[in-house]
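Line order of the protein sequences matches chains E and X.
In case it helps, my numbering puts the first sequence at residues 329 to 498.
In case it helps, my numbering puts the second sequence at residues 354 to 755.
Quick caveat, the hints were computed from the structure, so don't treat them as lab data.
Cβ atoms here follow ideal geometry from the backbone N, Cα and C, with glycine treated the same way.
Errors might be hidden in some of the hints.
Unchecked claim - Result set (DSSO-like, lysine-lysine): computed pairs, CA atoms no more than 30 Å apart in a straight line: (1) X/LYS740 <-> X/LYS455; (2) E/LYS399 <-> E/LYS432; (3) E/LYS472 <-> E/LYS432; (4) X/LYS698 <-> X/LYS402; (5) X/LYS754 <-> X/LYS687; (6) E/LYS432 <-> E/LYS404; (7) X/LYS687 <-> E/LYS472; (8) X/LYS740 <-> X/LYS754; (9) X/LYS626 <-> X/LYS402; (10) X/LYS740 <-> E/LYS399; (11) E/LYS432 <-> X/LYS687; (12) E/LYS472 <-> E/LYS399; (13) E/LYS399 <-> E/LYS388; (14) X/LYS656 <-> X/LYS698; (15) X/LYS411 <-> X/LYS753; (16) X/LYS455 <-> X/LYS626; (17) X/LYS753 <-> E/LYS404; (18) X/LYS656 <-> X/LYS740; (19) X/LYS698 <-> E/LYS388; (20) X/LYS754 <-> X/LYS698; (21) X/LYS698 <-> E/LYS404; (22) X/LYS754 <-> X/LYS411; (23) X/LYS411 <-> X/LYS455; (24) X/LYS402 <-> X/LYS753; (25) E/LYS399 <-> X/LYS402; (26) E/LYS472 <-> E/LYS388; (27) X/LYS626 <-> X/LYS753; (28) E/LYS388 <-> E/LYS404; (29) E/LYS388 <-> E/LYS432; (30) X/LYS626 <-> X/LYS411; (31) X/LYS753 <-> E/LYS432; (32) E/LYS472 <-> X/LYS753; (33) E/LYS432 <-> X/LYS411; (34) E/LYS404 <-> E/LYS472; (35) E/LYS404 <-> X/LYS626; (36) X/LYS698 <-> E/LYS399.
What the hints assert, rightly or not - Taking beta-carbon pairs under 8 Å as the criterion, some of the chain E residues facing chain X (in silico): (37) PRO409; (38) PRO420; (39) ARG443; (40) THR482.
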Amino acid sequence: MAIFSSYHLKTDLNRRKLFSTFVGILSLSLLLNVQILAAADATVSVIVHYPNGHVVEYQKQNAYSPEMIDKIFTSKLRSWPNGLPIQAFILPVNNPVHREFVHKYLNTNVYQIQRIWNRLIFSGRGIAPIELLNEEEMIQNVYKTPGAVGYISTRNLYRLSQTSILKESK
Amino acid sequence: MFPAMHLRNRFGKSACRLSCAMILASAMAASPASAEVQANAFISQGFIKSYDSPFLTKDSEEGSFKLNEIGLNLNWIYNSDWRFSGQLLSQTFGDIYEGEPKIDYLLADYLLFDNGLNRAGIRAGRVKTPYGLYNDSRDYPSSRPGIFLPSAIYFEGLRDFMVSTDGVNLYSTHFLSGGTLEVDAYYGEKSSSDDSLELYLLKGIDNRGDINRMRKYGLNLYFEPNALPSMRFNYSYMNAEPLIDLDPAITGLISDARYAVGLHMLSAQYQYKNHIFSSEYMDIQTHTDIEYTFQPSDNIDTKGHAYYFQWQWLPLPSLETWLRYSYYLGNNDKRDEDNLRGYSKVSTLALRWHILPELNFTAQYDHRQGHANIPIFPEYDDNEMDKHWSVLSGQLNYHKKF
Chain E
329 MAIFSSYHLK TDLNRRKLFS TFVGILSLSL LLNVQILAAA DATVSVIVHY
379 PNGHVVEYQK QNAYSPEMID KIFTSKLRSW PNGLPIQAFI LPVNNPVHRE
429 FVHKYLNTNV YQIQRIWNRL IFSGRGIAPI ELLNEEEMIQ NVYKTPGAVG
479 YISTRNLYRL SQTSILKESK
Chain X
354 MFPAMHLRNR FGKSACRLSC AMILASAMAA SPASAEVQAN AFISQGFIKS
404 YDSPFLTKDS EEGSFKLNEI GLNLNWIYNS DWRFSGQLLS QTFGDIYEGE
454 PKIDYLLADY LLFDNGLNRA GIRAGRVKTP YGLYNDSRDY PSSRPGIFLP
504 SAIYFEGLRD FMVSTDGVNL YSTHFLSGGT LEVDAYYGEK SSSDDSLELY
554 LLKGIDNRGD INRMRKYGLN LYFEPNALPS MRFNYSYMNA EPLIDLDPAI
604 TGLISDARYA VGLHMLSAQY QYKNHIFSSE YMDIQTHTDI EYTFQPSDNI
654 DTKGHAYYFQ WQWLPLPSLE TWLRYSYYLG NNDKRDEDNL RGYSKVSTLA
704 LRWHILPELN FTAQYDHRQG HANIPIFPEY DDNEMDKHWS VLSGQLNYHK
754 KF
C-alpha cells in the first residue's frame, strides 16, 4: 500500500512539473507576441488584371463576382470564366496587408490559410499562390501577368493609374 | 542516457543526402516569383518523454530525441495541362522509422478539362491518400494540429501505408449552386520495406508470415456550403487489404489468410473568429478469413468506432493552441478495458508558437488511457504498458521556400 501511495505521489509530482512547463511556455509566448499585435492595422484592396489589359480594383469591375476571391486564394478556382488561367499573388505572412487581406476577404487567419496552401504543396495536389516580397512587386507582377490577381493597401491604389500611364506611354 | 553519437551519425547521413537534394532544388528553382517550379524544404527536430509506458522507443521514459523529419518538395508546372510533383522525406520516429530517405510521393498530374465551374484530372504514380482532414498533409509538421495526429483516426503506427498509394487518383472540383464539392477516387497498392504493418497486425510474432504490401481503394468527398462559409464537411471511405505471405513453416496448417478493413469517416470543421472546432467520426469494419488445411475455415467480422473533438484557438497572431479528446474502440463487442490495445482515450493539449514565419515551436501533452494504435517498436513488451500513461513532446520546425 505504501509503495502504491508513493507511486501515485511520484506520478502526481511529474504531472505538476509538466503543467508548470506548459504554463511557462504559454506565458513566454504571450509576452513575446504582444508587439506583433500592434502592427496589424492596414486597409486592403484586391486588384485584378482585367481582360482589357488594365489593372483595376476588384470591387470596381463587373466581370468577376466578389465570391470568387475566396475560391481563388484557396486555389479551388484556377481559371477565369473566359478560360484564362488565374495567377494569384500573395505577400509574406508577417506583412500587415497580408494579415488584413486574409482576415477581411478570406475570413480566416494567416495560419489556417497557410495550412490550406501547405496541404496543396505537401500533398502534391497543387501549388500555392506565389509569394512576392512587397507591394511594389505585387503591382508590377499583376500588371505583367494576364489573369493575375493580388492585393495592396488601399492607400496605394492611386499607383495603379500611374503604372497604367507608364505602361501605355512605353 | 541518449545515444547521441549514434543519433548524430544517423541524422547526419540522411541530412547530408537531403542537403544535396536541397542544393539541387534551389539550383533548379527559378526566381521566387516563378510559377513553373516551386521548391519547398522543411526540417524538424523533436523531443519525447513518456511517463509510465514507453512510446515510439523503449528509451522514451528517459527522454529521447529520436524524432525528426527532413523533407524536400518540388512542383513543376510543365504546361497548363501537365504538372509533376514529388517529395523526398527522411523520418526518424522513435525506433519505428530510422531516417532512411524515401520517396514520399512522386506523381504526374494531367488536367482532363477545366471550364471554370468544373474541373477534373488524373494523377498517377505515388499519390497521397485523401482521407479525413489531415492525412494527405500529415508529413509536414506545421500542418498537423500539434506534433502527433490523433492516433484513434490516423493510425500513427501505419503511417507509410496510410499516407500514399502507388496507383491512380481521379479528382474533380465542382462549383455548385449549394457550395463547392471536391471529389477524389483512388486505387492502388502500397508496399513498405519496414515491418510496421506486420508488427501492427501480428504483434511482432514473426514466424507467421510477411505483410509488406497493402491494396487500397477509396473515395473522398469534401464540401463547403455557400450558405455556411465557415463550415466544411468531409466524407472518406477507404478499403485496405494487407497482402499476407504466409511463412512456409505454417502453410501445412493454414493454407490461406485474408484480412480486409473498411473505414467510413465523417468530418466537420467550423470556424468562428479565432476559434476552429473540428470533429471526425470513423466507423471501422474488419473481415478476416483463415483457411486451415485440416479443419473448417474461420470467418471473423468485427465492428469498431473512433472519434475526436478538437478546439483550436488562436489567442494571439503568432500562437495556436489545441485542446482535443479522442476515443478509439477496435471492437464494439469487447468494451472491457483489460485489453489495453483494444481501446484508447486520449486528452491532448498542444500549442504552437510561430517565432518567425519560417520557424515555429510546438509542444504537446497527451494524457492517455489504453494503447490502441500506438506504434509497435522492436522490443515492445505488453507487460511494460500501464493503463494510464502520458507523453510530453516538443518540436522545432523550420520551413524554407526556394
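Comparing the hints with the structure gives:
{"no.": "1", "hint": "X/LYS740 <-> X/LYS455", "in the structure": "35 Å, violated"}
{"no.": "2", "hint": "E/LYS399 <-> E/LYS432", "in the structure": "14 Å, holds"}
{"no.": "3", "hint": "E/LYS472 <-> E/LYS432", "in the structure": "26 Å, holds"}
{"no.": "4", "hint": "X/LYS698 <-> X/LYS402", "in the structure": "19 Å, holds"}
{"no.": "5", "hint": "X/LYS754 <-> X/LYS687", "in the structure": "49 Å, violated"}
{"no.": "6", "hint": "E/LYS432 <-> E/LYS404", "in the structure": "19 Å, holds"}
{"no.": "7", "hint": "X/LYS687 <-> E/LYS472", "in the structure": "65 Å, violated"}
{"no.": "8", "hint": "X/LYS740 <-> X/LYS754", "in the structure": "44 Å, violated"}
{"no.": "9", "hint": "X/LYS626 <-> X/LYS402", "in the structure": "34 Å, violated"}
{"no.": "10", "hint": "X/LYS740 <-> E/LYS399", "in the structure": "47 Å, violated"}
{"no.": "11", "hint": "E/LYS432 <-> X/LYS687", "in the structure": "50 Å, violated"}
{"no.": "12", "hint": "E/LYS472 <-> E/LYS399", "in the structure": "23 Å, holds"}
{"no.": "13", "hint": "E/LYS399 <-> E/LYS388", "in the structure": "19 Å, holds"}
{"no.": "14", "hint": "X/LYS656 <-> X/LYS698", "in the structure": "18 Å, holds"}
{"no.": "15", "hint": "X/LYS411 <-> X/LYS753", "in the structure": "33 Å, violated"}
{"no.": "16", "hint": "X/LYS455 <-> X/LYS626", "in the structure": "39 Å, violated"}
{"no.": "17", "hint": "X/LYS753 <-> E/LYS404", "in the structure": "24 Å, holds"}
{"no.": "18", "hint": "X/LYS656 <-> X/LYS740", "in the structure": "23 Å, holds"}
{"no.": "19", "hint": "X/LYS698 <-> E/LYS388", "in the structure": "54 Å, violated"}
{"no.": "20", "hint": "X/LYS754 <-> X/LYS698", "in the structure": "38 Å, violated"}
{"no.": "21", "hint": "X/LYS698 <-> E/LYS404", "in the structure": "36 Å, violated"}
{"no.": "22", "hint": "X/LYS754 <-> X/LYS411", "in the structure": "36 Å, violated"}
{"no.": "23", "hint": "X/LYS411 <-> X/LYS455", "in the structure": "24 Å, holds"}
{"no.": "24", "hint": "X/LYS402 <-> X/LYS753", "in the structure": "28 Å, holds"}
{"no.": "25", "hint": "E/LYS399 <-> X/LYS402", "in the structure": "42 Å, violated"}
{"no.": "26", "hint": "E/LYS472 <-> E/LYS388", "in the structure": "20 Å, holds"}
{"no.": "27", "hint": "X/LYS626 <-> X/LYS753", "in the structure": "29 Å, holds"}
{"no.": "28", "hint": "E/LYS388 <-> E/LYS404", "in the structure": "23 Å, holds"}
{"no.": "29", "hint": "E/LYS388 <-> E/LYS432", "in the structure": "17 Å, holds"}
{"no.": "30", "hint": "X/LYS626 <-> X/LYS411", "in the structure": "42 Å, violated"}
{"no.": "31", "hint": "X/LYS753 <-> E/LYS432", "in the structure": "27 Å, holds"}
{"no.": "32", "hint": "E/LYS472 <-> X/LYS753", "in the structure": "27 Å, holds"}
{"no.": "33", "hint": "E/LYS432 <-> X/LYS411", "in the structure": "49 Å, violated"}
{"no.": "34", "hint": "E/LYS404 <-> E/LYS472", "in the structure": "23 Å, holds"}
{"no.": "35", "hint": "E/LYS404 <-> X/LYS626", "in the structure": "22 Å, holds"}
{"no.": "36", "hint": "X/LYS698 <-> E/LYS399", "in the structure": "37 Å, violated"}
{"no.": "37", "hint": "PRO409", "in the structure": "5 Å, holds"}
{"no.": "38", "hint": "PRO420", "in the structure": "6 Å, holds"}
{"no.": "39", "hint": "ARG443", "in the structure": "6 Å, holds"}
{"no.": "40", "hint": "THR482", "in the structure": "21 Å, violated"}
Violation of the numbered hints given earlier is confined to hints 1, 5, 7, 8, 9, 10, 11, 15, 16, 19, 20, 21, 22, 25, 30, 33, 36 and 40; the remaining hints are satisfied by the structure.
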